[in-house]
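Number of protein chains: 2
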Amino acid sequence: MITLAVDCMGGDHGPSVTLAACRQFLQQHPDARLLLVGQSDSVQALQHERVQHVAASEVVTMDDAVEVALRRKKDSSMRVAIQQVKDGRADVAVSAGNTGALMAIARYLLKTLDGIDRPAIATQMPNAKGGATTVLDLGANVDCTAEHLLQFAVMGSALVSVLQDRDDPRVGLLNIGEEVIKGSETIKKAGQLLRSAANRGDLNFYGNVEGNDIFKGTVDIVVCDGFVGNVALKASEGVASMISGILKQEFSRNILTKLAAIAAYPVLSALMRRVDHRRYNGAALLGLRGLVFKSHGSADALAFEQALTRAYDAARNHLLDRVRTRVAHAAPLLAASEHSS
Amino acid sequence: MITLAVDCMGGDHGPSVTLAACRQFLQQHPDARLLLVGQSDSVQALQHERVQHVAASEVVTMDDAVEVALRRKKDSSMRVAIQQVKDGRADVAVSAGNTGALMAIARYLLKTLDGIDRPAIATQMPNAKGGATTVLDLGANVDCTAEHLLQFAVMGSALVSVLQDRDDPRVGLLNIGEEVIKGSETIKKAGQLLRSAANRGDLNFYGNVEGNDIFKGTVDIVVCDGFVGNVALKASEGVASMISGILKQEFSRNILTKLAAIAAYPVLSALMRRVDHRRYNGAALLGLRGLVFKSHGSADALAFEQALTRAYDAARNHLLDRVRTRVAHAAPLLAASEHSS
Chain U
1 MITLAVDCMG GDHGPSVTLA ACRQFLQQHP DARLLLVGQS DSVQALQHER
51 VQHVAASEVV TMDDAVEVAL RRKKDSSMRV AIQQVKDGRA DVAVSAGNTG
101 ALMAIARYLL KTLDGIDRPA IATQMPNAKG GATTVLDLGA NVDCTAEHLL
151 QFAVMGSALV SVLQDRDDPR VGLLNIGEEV IKGSETIKKA GQLLRSAANR
201 GDLNFYGNVE GNDIFKGTVD IVVCDGFVGN VALKASEGVA SMISGILKQE
251 FSRNILTKLA AIAAYPVLSA LMRRVDHRRY NGAALLGLRG LVFKSHGSAD
301 ALAFEQALTR AYDAARNHLL DRVRTRVAHA APLLAASEHS S
Chain X
1 MITLAVDCMG GDHGPSVTLA ACRQFLQQHP DARLLLVGQS DSVQALQHER
51 VQHVAASEVV TMDDAVEVAL RRKKDSSMRV AIQQVKDGRA DVAVSAGNTG
101 ALMAIARYLL KTLDGIDRPA IATQMPNAKG GATTVLDLGA NVDCTAEHLL
151 QFAVMGSALV SVLQDRDDPR VGLLNIGEEV IKGSETIKKA GQLLRSAANR
201 GDLNFYGNVE GNDIFKGTVD IVVCDGFVGN VALKASEGVA SMISGILKQE
251 FSRNILTKLA AIAAYPVLSA LMRRVDHRRY NGAALLGLRG LVFKSHGSAD
301 ALAFEQALTR AYDAARNHLL DRVRTRVAHA APLLAASEHS S
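Chains as they are written, first to last, in this note's numbering: chain U, 1 to 341; chain X, 1 to 341.
Hints are computed from structural coordinates only; laboratory data are not their basis.
All figures in this text were calculated on a predicted structure; none of them were measured in a lab.
Among these hints, one or two may not hold up.
[What the hints assert, rightly or not] Just some of the chain U residues that point at chain X, by a computed CB distance under 10 Å:
1) S40
2) V228
3) M242
Yeah, the Cβ is synthetic: ideal placement off N, Cα and C, and Gly gets one too.
Modelling step: build the complete structure from the supplied sequences, incorporating the hints.
Here it is in structure tokens:
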């Protein structure tokens, strides 16, 4: 039995989306239990034999400063959900709330693993090979050292080996050229560390990759600092939404193009299915002594259910142990590098 | 009469593309003259009353290290083309060669303007409003200070006011959130500098923008360091090419989808036209005491002609004077900031 603690109040839509997703998720996963965390009148709307309700009187809003969420709202649904993981009552927590607050609370309550300075956020993006590329970090850390990038690579390898059942996933270092000499001093040093880690068998390092490689599917994991990752993710979303906007506009231009839209419908829906960001919803917070997954704030029920499923898969496949083992294996290198820096 | 010095040997395809583009460009621009720079037997293939040939015995290849291009190949077509600008024989130079080499040679020969530490590369990307967003820097500078970002903003404003005839183009600072408190220390300080510059009337600062705003068209100019800009550009190209790949695949799946492709052809070509990166080819190297434009290395004749046209427009509208004037106007702020940092 896998138990998920769900922050039912988080996200742009709150319980109307999260509870609908939970209901669907329970049907699909007969060995899952849910702890629905939130204000009693809201979460009681979903009754199920594998559901338990956990009261939390406060809600972290999307606009709340991290300090407010962390210090003042001590009975928030987000915090109480993570507390369930800390207390061993749940295997993983899932929230669609404010990313900064979620990261801060998770880090405060769960603490980081030995050998990890900073947790990272890892998400998947669709690629041209029909698979997905895992990218980290995505906004948790704006200034990263080479050592942090190495830690991300180790944790990302554990994540992909668990969620995509890849034994030896390939790691690429996001850079502005494939050549070893490219990039800032931090990136060059990260490249050296990743090569050393590969030589020691800690991970499978492909080398430098560029922004387009995320979508080509050149590697399984792309490592970058949170600033760059966030910009790459949002720029990509921007292009995809611009293209879909243009398609809508052009197909509705006149009666002929509208007929063409009907003819092209199967193709367009195949396209939408393949790049539908809802299918990739559910980012892992890695490097903590407990599992936490983050859904997009704007997720609908289908997307939130996807995040639940990903969290469930991670818990069932012992992601935490896998991360811990990989980090421990890389510990001598991590320690040596920290020491020398 | 506007005179362009064209590095005919640069790019993936060399004279077969550059000369074809030049021929077309001459037809469209009766008041333009071209100095065709390159190995004599190659460039002589284009004869025209407004064409003059300038011999250069060497070629900078795409793989040449910057040092090789700069120190050893002193008679390269790239260098000789820029020398024409330096010597006042041409108003602007255009090359599709190796970006790093082009930047290094341009900087070495032309020097930077007073008040500018580092030149930047500025390019346009299509946006959902049907216009284009100018983004800089795109790879010339991997580690930027807040002062550099301010310099980019000032130069980008001059570029857009010249090329798009906008009096007071809006500048956004690329960040991972709209709030002033987001981002690294460098970004926060850049935000402060940009606000001061706006208060002094040096530029029109919108505030922070995110990756997707590039394609939404929220602002006219997006300022970022070269690493982030390069990743954003390439990630965007990656998404666009993944989507076009999926469309091709799905439309060719069976006889029905192939018929649908015929029906949808006008719509698909409208889409392709609107996001065709060839239409946006021609990046400006800003901050030098002379005009240089860079074409994509993989440009075809249409794309290279676009770069020629952009360079021509820049020269005709006195981009260099406009950049110089704007930089001079912002000089007190630039100097004060450098001093305080």
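For this session: Double-check U/V228 for me: the hint is only fine if its C-beta lies closer than 10 Å to a C-beta in chain X.
Result: With Cβ-Cβ at 5 Å, under 10 Å, it holds.
Exercise. If you take the shortest Cβ to Cβ gap from U/S40 to chain X, is it below 10 Å?
Worked result: violated (33 Å)
Exercise. With a cut-off of 10 Å, does the beta carbon of U/M242 approach a beta carbon of chain X closely enough for the hint to hold?
Worked result: This hint holds: U/M242 lies near chain X, its Cβ roughly 4 Å from the closest one there, short of 10 Å.
In this structure, the one hint that does not hold is number 1.
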